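Letter by letter, the chains look like this.
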Amino acid sequence: MSVFLAKRFLTFIVTLLGATVLTFLALEILPGDPAAVILGIDAPESAIQALRDKLGLDRPILERYFVWLGDIVTLRFGVSFTYSTPVIELVKARLAITIPLALMAMVLSAAVAFGLGVYAASRHNQPGDVTVMSISQLGISIPNFWLALLLILLFAVNLRWFASGGFPGWQNGVWPAFRALLLPAIALATVQGAILARFTRSAVLDTMREDYVRTARAKGLSRRATLWRHVLRNAMIPVITIMGLQFANLLAGTIIVEEVFAMPGLGRLILQAISNRDVAVVRDVVLMLAALVVFINFIVDILYAVIDPRLKPHDV
Amino acid sequence: MTLLSVENLSVTLKTVRGPARAVRNLSFDLEKGKTLGIVGESGCGKSLTALAIMGLLPENGWADGRVTLGGENLLDYSEDQMCHVRGDRIGMVFQEPMTSLNPLHTVGKQIAEAMILHRGMNRGEARAEVIRLLDLVGIPQPAKRVGSYPHQLSGGQRQRVMIAIALSCGPELLIADEPTTALDVTIQKQILDLIKNLIEDLGMAMILISHNLAVISQNVQDVIVMYGGTRVESGPTNAVFSDLSHPYSQGLFSAVPQIDDTKASRRRLTTIPGTVPELADLPAGCTFQERCIYVTDACRPTPPPVVQVGEGHNVACLHIEAARTAWGAR
Amino acid sequence: MESAQLSFWCRCLAHRSFVVGGCLTGVLALSAIVSLVWTPWDPIKQNLRERFVAPSWEHLLGTDQFGRDIFSIIMQGAQNSITVGIVSVSIGMAFGVALGLWASAKRGWTEELVMRASDFMYAFPAILLAIMLVATLGQGAINAIVAIGIFSIPVFARLTRGAANAIWAREFVLAARAAGKGKFRITIEHILPNIISVLVVQATIQFALAILAEAALSFLGLGAQPPTPSWGRMLNEARSMIFINPWLAVYPGVAIAVAVLGLNLLGDGLRDVIDPRLARKR
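Residue numbers (this note's numbering), protein chains in the order written: chain A, 5 to 320; chain B, 475 to 804; chain C, 7 to 288.
To be clear, the hints were calculated from the coordinates, so they are not data collected in a lab.
Just so you know, not all the hints are guaranteed correct.
To be verified - Calculated lysine to aspartate or glutamate pairs in the DMTMM-like style (CA-CA distance at most 20 Å, straight line):
1. A:K11 x C:E117
2. B:K663 x B:E599
3. B:K508 x B:D538
4. B:K506 x B:D658
5. B:K670 x B:D609
6. B:K506 x B:E603
7. B:K663 x B:E646
8. B:K583 x A:D312
9. A:K11 x C:D125
10. B:K583 x A:D215
11. B:K618 x B:E599
12. B:K506 x B:D562
13. C:K51 x C:E64
14. B:K508 x B:D562
15. C:K189 x C:D125
16. A:K11 x C:E118
17. B:K583 x A:E93
18. B:K618 x B:E603
None of the values given here were measured: they were computed from a predicted structure.
I would like the entire structure built from these sequences, with the hints used as guidance.
Laid out in structure tokens, this is it:
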């Protein structure tokens, strides 16, 4: 087991390093001069050059990479030039929106997907199954930003149950904040939920064909008891892997959904930073997001060891 | 006293090419405490017969006829009623020990499951009984093994666990479907001996299904030879094997290599020409007609009548005389 | 037509998903092709006297804030979507399949490296990097297509390598190797033909994903620029019009959904026909 954990941890670290390289390189192909962008094209050449020296932009690429890496590891993030605030401050404020949003969407999608997936599997090839499959087929075909727009149209513009965007902040009460997060979370959760529902269904169907399920029935267990005690726990293993991967998609989805609902979250921050060429913000925040995704996948790997006794240490 | 009575059992499967009759009009009786073997090639319907008795046919299959256990037709039972029969009155052991146990549950939990379900035991009582059962089936250090997971056991040990599960509620009938096919040859005999001893000690009846003639000949009192879903020959094992009367049974027997210093071992290995027909394409008459060396036109329109050739020894064929003469002369 | 091919097409047409998906995809393709030479109205020409006309026989979906016929714009938008799909999938397949075949043939640390790299790109929020790439390289249809293409490479690489590995283990390949055939020739003559069907199915799915991704990028203003019609960008433009004419936000979305749904169904249908073993679950 410790071998297993060590290997997983190593993969985690290596993937994280890979993320840093990728993020760093992606911004290196930036054409144009970041210093010129910051100071404006009308600034005198000497000022631009002075800023370049200050930021160390003319140093060799490897040196800049390792300097940055060193800063990151010691948690010394950069400073945003658009807002003149340290990246850390900006991120902290935004996280309070994006994390709850992502979590809500994850919970919503999981709850709906598990229910629908198990239901469809237990009604295999009957009308219930076909209905669920058709709905989920539709669910994976619609863009989440379009769904967001439709939700706004229906619930905000027509019915006026919700605001069409914005976020009142947590300090004004949990319920208003929760309400503001609901529509975006639904927009995010629908597509992911549809994918997860289909996957859960096929995982359950696969598990139902296993020989040990036949053994359980031969013992006299009812279909329902077999489902609960033998099928579901085993089927969860592949489903949890997918959920880990889905988290990455969810985070990517928050970028667009936050934009549609005009919510000042992490996703919106990145978008603005990208269009403002605010290099420090883009680099550091993208890396944080990537690190979060890699970390979640690492946790999923650990969960495996908890659920599957084949990975635990034994004294035989 | 008759424990199980199967009358005109037919199992039909819905396939892409139409309904296929995998078992047709199979009838046999099994008395309390006696053992019956069903032998035949893959696809002859042996396993489906067992599944039909248990009410565990796949989604696309259904059974007709009567399967009477203790005076009631199991085929008429609701799913709920069958759940009370399975594991409690009939125990079943399957072919693949490596995949027949849930990898996420301990062995002890899986053995106890049926007992808790049918006998209403609590965990403590069940645990004690599990240890006793593990010991009974020959697992060393049973108290320790209760908490083991299936992947920690060998194939032979897992099959012993399966046997323990099947016996846990003291059923009247044990159905063993190819219990040793997936095991090493050296382990096979151990498992078969174990089953045989347990059956005798507990006074259970058994149906043993196998494609292996040697396994059948040494372990059951009566035998049924199946081909294409029908019974072609049946009777007491010794009588049948010493006096094979159906062309198929004879072919099956001849196809087994003999490795000893007899005239038989020096003979060329015979095979039965042709292949097993598709279930959906089975002919109306004798199912063996396409491959039989004695076939005549009379074999084609209707299934052959059952003829008694000895005490309890029955054969379904029109050309028994020819077959027996040829067999005796070899 | 050979009887094997004939039976293949017969099975395809008997399959519900394939037929429905095929029709929807056909509508998509038809729109794109027909709009190359004709649309009911000129989608670019503005006609400020006809702003926000309600749907009628003249303007099937009405007109937008510049008086342009919405139906014509949507028809032309299909061109953009089809182009994105074809080019990005081609890029993904060309590089991804090559990488996957190479990794599978070489095995050892080459395979490990390629697989770790693609696993990594899987875990990374791809759209994020696509946004970054396009934003830094500049907006425009071409850059968007290239970015999307780059992110389908790992998908094809993984799929190809998995499928190829299964074929390498088959006996007829072992026989070929024992006969002295080189790995390259085996790859071309034996491996590739046997995995083509799996790749085709994945290609239709990637096509659908590409359309979705491009719509997202266009929505953010990073895709096809005006005046080239793009469904994603239309949705963004509709945001400011939402109180005046909410339908502007509906039609382009329906177009995207229909196109993606059609391709997904087509892919599912193909998969069932090609490998009936997988069809058990359907």
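List in ascending order the numbers of the hints, as given earlier, that are violated by the structure. As far as the earlier hints go, 2, 3, 4, 6, 7, 15 and 17 are violated by this structure, in ascending order.
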